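Let's have the full structure, built from the sequences with the hints guiding it.
Order-wise, the sequence lines are chains A and B. Mapping the first sequence onto my numbering, position 53 (from 1) lands on 53, and the numbers just tick up by one. Mapping the second sequence onto my numbering, position 65 (from 1) lands on 65, and the numbers just tick up by one.
In short, the hints are calculated from the structure, not lab data. Since this is a predicted model, take the numbers as computed values, not measurements. Some clues are possibly wrong.
Simulated restraints, written as ranges between beta carbons of each label pair [said to hold, decoys possible]:
| hint | chain 1 | residue 1 | chain 2 | residue 2 | range |
| --- | --- | --- | --- | --- | --- |
| 1 | B | Glu54 | A | Glu39 | 24 to 32 Å |
| 2 | B | Ala80 | A | Gly41 | 46 to 54 Å |
| 3 | A | Ser12 | B | Ala80 | 38 to 46 Å |
| 4 | A | Gly41 | B | Gly84 | 19 to 27 Å |
| 5 | A | Asn67 | B | Thr9 | 23 to 31 Å |
| 6 | A | Ser98 | B | Thr9 | 29 to 37 Å |
| 7 | A | Arg110 | B | Gly28 | 30 to 38 Å |
| 8 | B | Thr14 | A | Gly16 | 28 to 36 Å |
| 9 | B | Gly16 | A | Gly16 | 26 to 34 Å |
| 10 | A | Lys68 | B | Ser7 | 12 to 20 Å |
If we take Cβ atoms under 10 Å as the criterion, some of the chain B residues that face chain A in the derived model are [to be verified]:
| hint | residue |
| --- | --- |
| 11 | Tyr50 |
| 12 | Phe60 |
| 13 | Arg63 |
| 14 | Leu83 |
Within a straight-line C-alpha distance of at most 27 Å, the following computed DSS-like cross-link-like pairs (lysine-lysine) qualify [unchecked claim]:
| hint | chain 1 | residue 1 | chain 2 | residue 2 |
| --- | --- | --- | --- | --- |
| 15 | A | Lys22 | A | Lys112 |
| 16 | B | Lys13 | A | Lys102 |
| 17 | B | Lys101 | A | Lys37 |
Virtual Cβ for every residue (Gly too), placed ideally from N, Cα, C.
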Amino acid sequence: GENVEQHPSTLSVQEGDSAVIKCTYSDSASNYFPWYKQELGKGPQLIIDIRSNVGEKKDQRIAVTLNKTAKHFSLHITETQPEDSAVYFCAARRRLMSGTYKYIFGTGTRLKVLA
Amino acid sequence: DAGVTQSPTHLIKTRGQQVTLRCSPKSGHDTVSWYQQALGQGPQFIFQYYEEEERQRGNFPDRFSGHQFPNYSSELNVNALLLGDSALYLCASSWNYREEKLFFGSGTQLSVL
Numbered sequence: 001g002e003n004v005e006q007h008p009s010t011l012s013v014q015e016g017d018s019a020v021i022k023c024t025y026s027d028s029a030s031n032y033f034p035w036y037k038q039e040l041g042k043g044p045q046l047i048i049d050i051r052s053n054v055g056e057k058k059d060q061r062i063a064v065t066l067n068k069t070a071k072h073f074s075l076h077i078t079e080t081q082p083e084d085s086a087v088y089f090c091a092a093r094r095r096l097m098s099g100t101y102k103y104i105f106g107t108g109t110r111l112k113v114l115a
Numbered sequence: 001d002a003g004v005t006q007s008p009t010h011l012i013k014t015r016g017q018q019v020t021l022r023c024s025p026k027s028g029h030d031t032v033s034w035y036q037q038a039l040g041q042g043p044q045f046i047f048q049y050y051e052e053e054e055r056q057r058g059n060f061p062d063r064f065s066g067h068q069f070p071n072y073s074s075e076l077n078v079n080a081l082l083l084g085d086s087a088l089y090l091c092a093s094s095w096n097y098r099e100e101k102l103f104f105g106s107g108t109q110l111s112v113l
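What follows is the structure in structure tokens.
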């Protein structure tokens, strides 16, 4: 069935180091891949996204890369700061025959940035 | 500009009871989706409402039902609550059902005892 695998489940890095979170999707019809950051007691917040016709996208310290052939996409955070500590979710979206869209979320990565 | 708002923030119910959760979408958005997030898991899609109709449904039993009002706000109803229904229930809105970006509320934490 459709699923999105996300690794690692937990990640600890020293402040200033880089963090990389990886996701693999199974449905080749997926064409949009957002990343969400969820802080304690809050809902997921969209931080960056990428469409299937683009290989890489960057926004300041955050970047996402997509390998459609391998069905992999990754989140890269450089120069990590304590406020980057949160749970990060990847997701894959595809269009259904009904004209609506379906999102499948990964299981999340708990990132801890150690000061 | 208000974001997605959900109420209540927390709720405690007992098995067999019924619950209603509420959501107001972000200003300008007309599509609302509901997700269930169990502890330590990613959000699982329940259903989506657009133009006051259920447009798409995930793998959830009929105990889960919803409604969308003319002002685009939405309700999620769960009947005959089970212990396993304990979770964070998230509402997400988008500009329309074709729009890619989802905006989530802070959720309603439901505990079933």
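Right, here's what the structure says about each hint:
Between Glu54 (chain B) and Glu39 (chain A) the C-beta distance comes to about 31 Å, which sits within the given range of 24 to 32 Å. Checked against the hint of 46 to 54 Å, the C-beta distance between Ala80 (chain B) and Gly41 (chain A) comes to roughly 28 Å, which is inconsistent with it. Here the CB-CB span from Ser12 (chain A) to Ala80 (chain B) is close to 42 Å, well matched to the stated 38 to 46 Å. Take Gly41 (chain A) and Gly84 (chain B): their Cβ atoms lie about 22 Å apart, and the range 19 to 27 Å holds.
Between Asn67 (chain A) and Thr9 (chain B) the CB atoms are about 40 Å apart, so this pair departs from the stated range of 23 to 31 Å. Hint check: Ser98 (chain A) to Thr9 (chain B), Cβ distance near 33 Å, so the stated range 29 to 37 Å holds. Our hint of 30 to 38 Å for Arg110 (chain A) and Gly28 (chain B) holds, since their Cβ atoms are close to 33 Å apart. Evaluation of the 28 to 36 Å hint for Thr14 (chain B) and Gly16 (chain A) yields a failure: the beta carbon distance comes to about 49 Å.
Between Gly16 (chain B) and Gly16 (chain A) the beta carbon distance is about 53 Å. The supplied range of 26 to 34 Å is therefore violated. Between Lys68 (chain A) and Ser7 (chain B) the beta carbon distance is about 41 Å. The supplied range of 12 to 20 Å is therefore violated. Interface hint at Tyr50 (chain B): satisfied, since its Cβ lies 8 Å from the closest Cβ of chain A, which is below the 10 Å cut-off. The beta carbon of Phe60 (chain B) comes no nearer than 14 Å to any beta carbon in chain A, farther than 10 Å, and the hint placing it at the interface is violated.
Hint on Arg63 (chain B) is violated. Least Cβ distance to chain A is approximately 21 Å, over the 10 Å limit. With a least beta-carbon distance of about 21 Å to chain A, the hint placing Leu83 (chain B) at the interface is violated under the 10 Å criterion. Taking the CA atoms of Lys22 (chain A) and Lys112 (chain A), the gap is about 16 Å. The hint holds against a cut of 27 Å. Proximity of Lys13 (chain B) to Lys102 (chain A) is assessed by CA-CA distance (about 30 Å); at most 27 Å being required, the pair is judged violated.
Between Lys101 (chain B) and Lys37 (chain A) the alpha-carbon distance is near 14 Å, which keeps this suggested pair within the 27 Å criterion.
Checked against the numbered hints given earlier, the structure breaks hints 2, 5, 8, 9, 10, 12, 13, 14 and 16 and satisfies all the rest.
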